[in-house]
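Q: Here is what each chain is made of, one letter per residue.
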Amino acid sequence: MKRFARLYSAIDSTTSTNAKVSAMVEYFSEAAPADAAWAVYFLSGGRPKRLIPVRRVATWAMEASGVPEWLFDESYHAVGDLAETIALLLPVDEQGSGAVHADSYAPGSLSVWVEQRLLPLATMTEDAQRVAVLDAWRELAGTERYVWNKLITGSFRVGVSEQLVARALSRVNGVEEGVVAHRLSGHWTPTAANFSALVATDSADADLSRPFPFYLAYSLEGELESLGEPREWQAEWKWDGIRAQVIRRDGRTYVWSRGGELVTERFPELSEAAEHLPDGTVLDGEIMPWKGGIALPFAQLQRRIGRKKLGPKILADVPVVLVAYDLLELTGRDFRTEPLATRRMELARVVDGASLLSTFVLSPAVPLATWDDARAAHADSRAQRAEGLMLKRLDSEYGVGRRKGNWWKWKVQPFSIDAVMIYAQPGSGKRALLHTDYTFAVRDGDALVPFAKAYSGLTDAEIRTLDAWIRRHTVEKFGPVRQVEPVQVFELAFEGIQRSPRHKSGLAVRFPRIARWRTDKPASEADTIETLRQILEAAT
Amino acid sequence: MLRITECGLHCPAADLYIDPWLPVDRAVITHAHGDHARAGSRHYLASRESARVLRTRLGAEASIELADFGVPRDVGGVSITLIPAGHILGSAQVRLEHRGEVWVVSGDYKTEPDPTCSPFEPVRCHTFVTESTFGLPIYRWSAQEQTFADMRAWWRENAEHGRASLVYAYALGKAQRVLAGMLGAGIGPVYTHGAVERLTADYRASGIMLHDTTPVASLPKGTKYGGSLIVAPPSAAGSPWLRRFGDLSTAFASGWMQVRGARRRRALDRGFALSDHVDWPALMTAIDATGAVNVWVTHGYREQVVRYLNDRGLNARSIASQWEGENDQEPAVADEAEIA
Numbered sequence: 001m002k003r004f005a006r007l008y009s010a011i012d013s014t015t016s017t018n019a020k021v022s023a024m025v026e027y028f029s030e031a032a033p034a035d036a037a038w039a040v041y042f043l044s045g046g047r048p049k050r051l052i053p054v055r056r057v058a059t060w061a062m063e064a065s066g067v068p069e070w071l072f073d074e075s076y077h078a079v080g081d082l083a084e085t086i087a088l089l090l091p092v093d094e095q096g097s098g099a100v101h102a103d104s105y106a107p108g109s110l111s112v113w114v115e116q117r118l119l120p121l122a123t124m125t126e127d128a129q130r131v132a133v134l135d136a137w138r139e140l141a142g143t144e145r146y147v148w149n150k151l152i153t154g155s156f157r158v159g160v161s162e163q164l165v166a167r168a169l170s171r172v173n174g175v176e177e178g179v180v181a182h183r184l185s186g187h188w189t190p191t192a193a194n195f196s197a198l199v200a201t202d203s204a205d206a207d208l209s210r211p212f213p214f215y216l217a218y219s220l221e222g223e224l225e226s227l228g229e230p231r232e233w234q235a236e237w238k239w240d241g242i243r244a245q246v247i248r249r250d251g252r253t254y255v256w257s258r259g260g261e262l263v264t265e266r267f268p269e270l271s272e273a274a275e276h277l278p279d280g281t282v283l284d285g286e287i288m289p290w291k292g293g294i295a296l297p298f299a300q301l302q303r304r305i306g307r308k309k310l311g312p313k314i315l316a317d318v319p320v321v322l323v324a325y326d327l328l329e330l331t332g333r334d335f336r337t338e339p340l341a342t343r344r345m346e347l348a349r350v351v352d353g354a355s356l357l358s359t360f361v362l363s364p365a366v367p368l369a370t371w372d373d374a375r376a377a378h379a380d381s382r383a384q385r386a387e388g389l390m391l392k393r394l395d396s397e398y399g400v401g402r403r404k405g406n407w408w409k410w411k412v413q414p415f416s417i418d419a420v421m422i423y424a425q426p427g428s429g430k431r432a433l434l435h436t437d438y439t440f441a442v443r444d445g446d447a448l449v450p451f452a453k454a455y456s457g458l459t460d461a462e463i464r465t466l467d468a469w470i471r472r473h474t475v476e477k478f479g480p481v482r483q484v485e486p487v488q489v490f491e492l493a494f495e496g497i498q499r500s501p502r503h504k505s506g507l508a509v510r511f512p513r514i515a516r517w518r519t520d521k522p523a524s525e526a527d528t529i530e531t532l533r534q535i536l537e538a539a540t
Numbered sequence: 001m002l003r004i005t006e007c008g009l010h011c012p013a014a015d016l017y018i019d020p021w022l023p024v025d026r027a028v029i030t031h032a033h034g035d036h037a038r039a040g041s042r043h044y045l046a047s048r049e050s051a052r053v054l055r056t057r058l059g060a061e062a063s064i065e066l067a068d069f070g071v072p073r074d075v076g077g078v079s080i081t082l083i084p085a086g087h088i089l090g091s092a093q094v095r096l097e098h099r100g101e102v103w104v105v106s107g108d109y110k111t112e113p114d115p116t117c118s119p120f121e122p123v124r125c126h127t128f129v130t131e132s133t134f135g136l137p138i139y140r141w142s143a144q145e146q147t148f149a150d151m152r153a154w155w156r157e158n159a160e161h162g163r164a165s166l167v168y169a170y171a172l173g174k175a176q177r178v179l180a181g182m183l184g185a186g187i188g189p190v191y192t193h194g195a196v197e198r199l200t201a202d203y204r205a206s207g208i209m210l211h212d213t214t215p216v217a218s219l220p221k222g223t224k225y226g227g228s229l230i231v232a233p234p235s236a237a238g239s240p241w242l243r244r245f246g247d248l249s250t251a252f253a254s255g256w257m258q259v260r261g262a263r264r265r266r267a268l269d270r271g272f273a274l275s276d277h278v279d280w281p282a283l284m285t286a287i288d289a290t291g292a293v294n295v296w297v298t299h300g301y302r303e304q305v306v307r308y309l310n311d312r313g314l315n316a317r318s319i320a321s322q323w324e325g326e327n328d329q330e331p332a333v334a335d336e337a338e339i340a
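Chains X and E, in that order, are what the protein sequence lines are.
Our numbering numbers the first residue of the first sequence as 1 and each following residue consecutively.
Our numbering numbers the first residue of the second sequence as 1 and each following residue consecutively.
Bound conformation, chain E alone (with noise of 0.2 Å):
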């Protein structure tokens, strides 16, 4: 049904592509994150729910198609049917189905739940393909309460003490997650950089209910930030941008934290192991529920899942691609880090 070539994930029977890395005529797109959202092709499918987000992203002259997640539609035979993965907002599985075979495509997911986004929802299908990002035992998350309550203990020692805290997370999912984790906690203001501000608004705009912000360059000079939250995306670390906060505790909200070297290497006061991928054992519970016997395993720890899973007597393949899931070196994005 589904075969790699140089432009991507391509489904010959629908000609379409799936989260495409080079422009092609018609692509579906799992969700808004770069390496999955590409500019420059000629016509995309998406989900109702990301639309806002993907606009952003793939700009006003973009021609993008939504669907609403569980009604199928046929393209050239083959039935395409969006079910939410539980990433971001508006992320998506790509269910198709082609003379009663049945492939699901899950692009980046996570099973927890998330009042950001749509919950994951499992799918019986005969092949499934997996993101592996964090495909190792050692990634099992602590239950999120935890981790939230974590992070607001750490804001309100921060605080005491009348310093900021600053805490870096995607600007698109995770930086929303953490808003709307440290809703009715009690924490002071809390600023943004412009990146998250973008993306904020974006969301807010589609429902989703999150923690006041005030983007930090509406600030006038010499304001004082202790006690406040600032929310910035990794990028922004290093960058002159960070100058103005005066005494700043910082912190990385990243499944990465969960080792400790990790965080040691980006010199970071704190880590919060949080993230919107599965970790291991959700890995392995979503593998199971698709009841797949076939398991495509892309981007991550490819060669330790597949040979786990073939272990298992599993009939699985690590698939070179182009995305990146969670990358621990987020590229400088130039735009991100200069706007003030």
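With the rest of the complex left out, here is chain X (with noise of 0.2 Å):
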């Protein structure tokens, strides 16, 4: 229990993802299967379902530390967090033991502390909470008291996710980060022996579920004429989803993003439909939310990706296809080699004997007889919903990486406005001493309408001029949040629009990024919210 907090604390204090990874290295290191099994329940977000009624918890505090509850009520305001409060108040015995920052001698492992006191809990009379979470209080001290009121009242969150576990734990026994992803996926129960199996180097499994790289394309740069004849390429819609590979091995289903996360979970369709796979597959494609055989706004697609359940509605509001690009594997056998006029030709074949749920759509080839064909399918891009045009040689094999020559994409221009910069905070990171994060607004009428939050675009040397402005010209703080005055104008570039109800403008801007800072345009002159529904308008 003393290491478990100790690594909280290690995690907590830092907000470096490399510490965070380092810090659980050095625990799953260490600690014994039993021990790490809870400590990867814990941090990827389990959490047991009720023990006590948090109520309870905080009146037995008050009892235990001799606090009366207007007292107690007016320091959980101060602290904002019951369990650190309860840890702050609860009496500290002569030996210092119980002071917020020291250890304790509590014997126990994790797992003992949980398995033992935490879980039985659940089903135990109210007496006998009282009395087992009383004797847990004076056992414990400091963090780990901290750590305790975290689990016991159901609250324990700290800032790592399931994929940081798994990049620690490949870390610690050299598996691949992928690999040990997918064992944790679905209802890991956690276990000693389930621990051991997380980390076991025997490969098996590692390679039924392991992706090809994804083949990648450059900008294309110069005129198309200069790609030679057009009856050499193969022309796409490049569509605006999650790349992502889909793998039928052995009676089993796995779907990667590009970022390297297995996300088989989040798409149910996807699995549904990989069951008519024929065994071997491995497709390349993007994950669409598609309704009524077109695409919906990539806006929608959001709406389904932060979820951990996904409910009725949103799998019927939001369904999800996959439009194939490519086609890696078949029948077991590595078919990057093949060209891809080959691939296509057998892509063909395999997406339409599992189109029975019309979930795996090819996707479609613009017809290149000129390259005329290709600029008017370009300029048409947004109407398809598509970012612009994948142009591809025909004989070209599936590469691995970024490689120039036989893939080009061919993006639309993105959209553009001019905003005003009416709030700023800090950004986090190392970033988190500069103002880094702002927020811009288009005028209606008089006032000023905010619609969107925008990071990246400027250079070091302009956010540390930017920086110094804002200080200067704060109107108000909001916390870390600052009011400026609405003076700064900058050209924002975004990748789409949409309505959202949720947003004071009734719009949102998909990828928004400052393009430059116009330094030269007043405030006055910046665009209105008129000119953003005129956007929306010839976008839908």
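If you're looking for bench data, these hints aren't it; they were derived computationally from the structure.
Fair warning: there could be bad hints in the mix.
[Said to hold, decoys possible] Covered by chain X, according to a simulated footprint, are these stretches of chain E (three or more residues, beta-carbon under 8 Å):
#1 114-120
#2 193-202
#3 302-308
[Unchecked claim] Now the in silico label distances, taken between C-beta atoms and shown as ranges:
#4 E:H161 with X:A379: 25 to 35 Å
#5 E:N315 with X:R464: 37 to 47 Å
#6 E:G186 with X:D520: 32 to 42 Å
#7 E:T5 with X:K477: 48 to 58 Å
#8 X:R157 with E:T214: 38 to 48 Å
#9 E:P220 with X:L216: 25 to 35 Å
#10 E:S218 with X:N173: 18 to 28 Å
#11 E:H161 with X:G260: 23 to 33 Å
#12 E:R48 with X:D460: 45 to 55 Å
#13 E:A149 with X:R464: 56 to 66 Å
#14 E:D288 with X:P450: 49 to 59 Å
#15 E:T214 with X:D460: 38 to 48 Å
#16 E:R48 with X:R56: 29 to 39 Å
Just so we're clear, the structure is a prediction, and the values are computed from it rather than from any experiment.
Yeah, the Cβ is synthetic: ideal placement off N, Cα and C, and Gly gets one too.
Hints in hand, dock the two standalone chains.
A: This is the structure in structure tokens:
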């Protein structure tokens, strides 16, 4: 328990991802499997079902600390966290072992505390719970008490994700991060045996789930004519979703995002459809929100991405498909060195064979007789809800990483608008000392309506200059957020726009970023909400 | 004996003010922090121990009379004595006795030992005027040896990774307490911000032993800061001054760091709950030790402390003042941040 509390402190006291991972690596290298299993469980967001009503815990804390209820409440207001308030109020014994920053000498590892002290609380009578909790408080000190309080009140949270836990475990045993992530997915139960299996170096399952490296395209540089004959090329829409590989091997399905995350459970439609794929198949494509045969805006997909549980409503509102680009493995054979034309023919066959559910869609080829056809299609991209065209040489193999020559992406120009900065706040991590997160508004009569936040796009020198300006021209402070004089105008670029009742402006833009600082433009000449509405009209 | 006026806490019999916030003829100063020692009054009375730091704060022109601790003087029939308050160098409680009635104004104080100033002495009185900066039971300081040990361990870990350690501490008092706490700890070079260095020199000139320091401003461009400890005022946070330090771990030494949220809001790597104010148990012990029946509670968690004391049968009153104690949002002092 002491080690786990130390791990908590180490993670909690840093904003650096690397430092968090190192702290976990250190813990997992030393912890017994039974303890490590519970650490994995809690760190990746697991919570035992409601153990005790929190108000009871608060009442016992008042009793134990001799603090009257009104003063307890005042303390809680000052702290803002119940588990921490209790830890700060509980009595300290003569040896000082209750002191907030002290170590305790309580024996018992994390698994002992969880299995013998924490989980049994759920089935105890109120009196027995009271005795158990007061005993635990007497035995624990400092951060351990705080962590214990977090566990019994079901509010244990610390800034790491399942993915970071997987990264740490992979560093401990040298098993690939993706493999650990896969082993961890689903209903993983925290037992010593399961932990050992999690970090086992035996790689049978690793090989089964492993995706191929994604082949990436460069942005088109010169004229289309420089590519040679149009008939040697295949044109497709450049879809704006989540690039992914769907793997069907040995009767199991794995869906990997390009970011290296195993996302099988987020897209049950894909798993279901993949059962109709022949064994030993790997598809490369784009996960797209798709309804009635057409793409939905990317923002719809975002509604799904963050959720751990997918209810029937969201599944019905935002169904997804895989728009299939390529076939990387066929009947267990690595197919990547075949020319694109061959791969595409086989891909069409595979998709067709699994098309009962229409969940796999062959990425349509755009007819390409002349380069002018490509230009016309490119101009039509937005209407297709695509962000441009892909051009792939028909005889190209499926390469590794980003290589020049065979695959090109040709994106449409982003939308752009001149907006006024109205709020600024410090960034995180290394940028915590500078104001790097800005909120922008457009004019609406005499008022300014916020519509976008943007973080990137300025040079370091510009960020410093702007930071100094922000500090001198703050109108009001709300915690870390500064309202600034509405003076500075920036050209914002963005990829898409849609209606959004959640935003004050009624609009949400996708991937906004700063294109340039319009020091030449006064705020009175910034764009208006009307301009945004016109872009919206044109885009839908 | 005392009343609150628009200028501050006034003693009509002696016609003097204690830590007035507007200029007055005659001011008694408990200690040199800006919210207690304000410039502009015609004449000041303060402890001899505070002479140098107070001079730095009030300027060369100020008329300051110095008094030894424990030596009473008569002002208009009121016997006035300065008693050590243990807050920072020269900090004093003001004891006023008039026709057999005794009042004590504590200013800011702590009861823990501190090698950089004379220790707090409890004084029996009828009415005690106390601060309440950390007047909630959540504020209980760990033993300072532990806090200093944590601070040294933090520095050591940073040094092992080639990082500089920067601790924010109030330029007057806390910074020097940190420097005293680092004495003999085998800490690498200790560098200071200009605002800290000036007052550190005053402390040394007053005979206080502190860790050796080198002002950052005196170092050549291109100095490597890895493995050093830098002491700077909180107002330096977020300023361009920090950019020279390269890989840096930041911490704040303040009682507010007791609460996790306060540390996280400031985006600090570490918080050390090291305070020059009494925590809750020490506040209660100090009040008890005065034997006072009447307690005036000033700056801090006034309402909460008053309610708690009244529930325990004392006659407590909440007094509005312009003192700030250990301000969480210390106003950015321009001259501190801009001294390179």
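Q: So, for every hint listed, does it hold in this structure?
A: Hint-by-hint comparison with the structure:
no.: 1; hint: 114-120; verdict: violated (count 0)
no.: 2; hint: 193-202; verdict: violated (count 0)
no.: 3; hint: 302-308; verdict: holds (count 3)
no.: 4; hint: E:H161 with X:A379: 25 to 35 Å; verdict: violated, 54 Å
no.: 5; hint: E:N315 with X:R464: 37 to 47 Å; verdict: violated, 56 Å
no.: 6; hint: E:G186 with X:D520: 32 to 42 Å; verdict: violated, 57 Å
no.: 7; hint: E:T5 with X:K477: 48 to 58 Å; verdict: violated, 32 Å
no.: 8; hint: X:R157 with E:T214: 38 to 48 Å; verdict: holds, 42 Å
no.: 9; hint: E:P220 with X:L216: 25 to 35 Å; verdict: violated, 46 Å
no.: 10; hint: E:S218 with X:N173: 18 to 28 Å; verdict: violated, 50 Å
no.: 11; hint: E:H161 with X:G260: 23 to 33 Å; verdict: holds, 27 Å
no.: 12; hint: E:R48 with X:D460: 45 to 55 Å; verdict: holds, 51 Å
no.: 13; hint: E:A149 with X:R464: 56 to 66 Å; verdict: violated, 37 Å
no.: 14; hint: E:D288 with X:P450: 49 to 59 Å; verdict: holds, 54 Å
no.: 15; hint: E:T214 with X:D460: 38 to 48 Å; verdict: violated, 29 Å
no.: 16; hint: E:R48 with X:R56: 29 to 39 Å; verdict: violated, 57 Å
Of the numbered hints stated above, those contradicted by the structure are hints 1, 2, 4, 5, 6, 7, 9, 10, 13, 15, 16, listed in ascending order.
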